[in-house]
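> Next come the chains, spelled out residue by residue.
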Amino acid sequence: MNVEHRERTGEGAARLGFADCDIHPKVRRLEDLRPYLSERWWRHYLTYGPRVRHGFAKGTPYPKAAPLACRRDAWPADGGEPGSSLELMREQLIDAYGLEFGVLNPLSPTGQGYQDADFSAAMASATNDWQLDHWVTPEPRLRASLVVPYEDAEAAKAEIEKRAGDRRFAHVLLLSRTAEPLGKRRYWPIFAAAEAAGLPVGIHVFGYSGWAMTNGGWPSFYIEEMTEHSASTQALVTSLIFEGVFERFPALKVVLIEAGFAWLPALGWRLDRIWARMRDEIPHVTCPPSQTIRERLWVTTQPMEEPERKKDLIDIVEWIGADRILFSSDYPHWDFDNPALAIPPSLGPAVREKIMRGNARALYGIA
Amino acid sequence: MNLEAAIDCDIHPTTGGVGPLLPYLDDYWHETVLARGIDSLDSISYPPYAPLTARPDWRNADGRAATDVGRLRSDILDPTGTAIAICNCLFGVQLVFDEYMAAAFARALNAWIAAEWLDRDPRLRASIVVPMQNVEAAVEEIERWAPDRRFVQVLVLAMGEVPLGRRSYWPIYETAERHKLPIGVHAGSSYRHPVTSIGWPSYYAEDYAAQAPAFQGQLASLITAGVFARFPGLRVVLIESGVTWLPAFMWRFAKFWRGLRTEVPWVDRSPPEIIREHVRLTVQPFDAPHDPAIVCRLIEQIGCDEILLYASDYPHWQFDGAPGLPPGLTDGQMRKICRDNALSTYPRLQEAADECRAS
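If you read the protein sequences in the order shown, they are chains A and B.
The first sequence begins at 1 in our numbering and counts up by one.
The second sequence begins at 1 in our numbering and counts up by one.
If you are wondering where the hints come from, they were derived from the structure by calculation, not from laboratory data.
You may find that some hints are simply not true.
Just the calculated beta-carbon pair ranges, DEER-fashion [as the list claims (entries may be wrong)]:
1. Arg72/A / Pro292/B: 31 to 37 angstroms
2. Pro140/A / Asp320/B: 56 to 62 angstroms
3. Ala350/A / His290/B: 25 to 31 angstroms
4. Gly37/B / Thr286/A: 48 to 54 angstroms
Sample of chain B residues facing chain A (criterion: CB under 8 angstroms; computed from the structure) [to be verified]:
5. Gly199
6. Ser202
7. Arg230
8. Pro232
For glycine and all other residues, C-beta sits at the position ideal for the given N, C-alpha and C.
From just these sequences and the hints, can you work out the full model?
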């Protein structure tokens, strides 16, 4: 998983022409954001720092397996953090494998989930300007995420409306562990604005809800947290469906990012049974959940489940639908998936082509 | 389907209030219940009148179900020809905040199960309900009932205060292993946390959906904490958990174990291996479409034919008509699920079967 970068593996790799739906850019230094922040918020950042819903002033509740959860060969020579150098990103990902287009999903510091709503909004907006200036303008193969302060849906809506129509943004970006289940009405202005702007909503794992990371209490280990992300994502999908979000917003499309995907069919089957039994409680849900999942959700591949038997993965892809799966590398993180190797040939060339490029083109409207 | 000689690993006798427990509480707690007006400890995990909680034709005139052994016989045991059924009582002992009160109710509940159910039908077995609020009291409760071989399991809920792998719980596992009692983890919550890691949902439908992720979290906890390395004889039975999430969970967990195992070096085998050896699941609900081809592929993905146990989940409304198993199973798989796997999971059931054969 923690691969060492090797020199370009040959012309074939460079001609992949793939789409990467999960790339993590990072600020080279905090000052990169300063031009986009008011003096008040710049000073606020320096004084109080980002306050999210966990206890550590710096870092994460569960120490990562590698510094910043990054590939050890992805640290730029200029001293910045992995993901902060466009040059190195080109060398290790964009040019190395022939990226056709990639979606940037900045994770931190981006203002998402900050306790202070105004600071959260200021940081999200700054992050959006920074993505355009530092990444998308110099490298048009990259698309930005429209980062929003999702705990304050009205502010998030305003940020979406401000950027609506700017095709440099691929989707609205949320993190998975929100303060309340994502289908709750307090978040609906986000879905309304995304739908109106014609943008999918991408939901990347992480963020901090402030609640225990499992419904049976706080886990002890990072490996539990990593395993848990699929559970939080199951909960948010359940919430979106049973709250009737997809009925209310018929054009809404949702992309689940870095949550794995093999769990999705089983969730749909379970929700179908529960929906059938408790329809009187949720009469606003008119479509069988598995059908909603099939039609309205997309998933990215990394970290892809790896069954012991290859044919099991073929079953899963068939059950989800080969047209709903998007390749992602997760560059520059430690569990990076190599675009040339990650999608097993056993899926067949047509399915591979869809996952590596076709589905992302269709979803994001890339010609 | 013929369930002759089947072992039903999940039925739910219901007290229908606190009243039936009064004779089994000591004077202090008896008086407390009356003086403080404690009339119900029903859990919102199974709202008494919600459709899932009891099948309509199994409800009595008061709308409750499974409140007496006569109905249990006529509703499920006799028509199916079930040989043995394990009573898992879901009375809300684990929700109580006063740990002394929890211990008192657990003790009364187990006494009630023994006297009102086990004594009245030789086909019945039961799980020991323990107050997880206090590990010492939980151990004491296991020790109290372990000599009665009709208690075949220790029962805990899928969502408690801290994950089940935590070392504070290990005396419970030591005691259970010593008495050859598997730990049954049943759907349900003590509601110390919201039922999702992203807060309280709006609907009961979401609460029930959240049970499956709860089991995933508990398996991750039990395995990463090293419970099975420390207690190699321990079995854990996931009850009413749904089944079809298991393969994807095992693949995901195995992948992260390969990448992150240095964090938990005592986990010296891939999690799926540990799960297949130590963990069992009841098949009601199964959570798959009624499609034999899909069920067949799911069973293959689980990769072990020892792991599933038959359960009706009576009186929960999981099915209409006769209880069934997922479609497409072979006769051999059916036999294992309906009987053999339960005998190998529950040593005390095997003992009884051996004695029966000897006499």
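> Tell me the hint numbers this structure goes against, listed in increasing order.
1, 4, 7, 8
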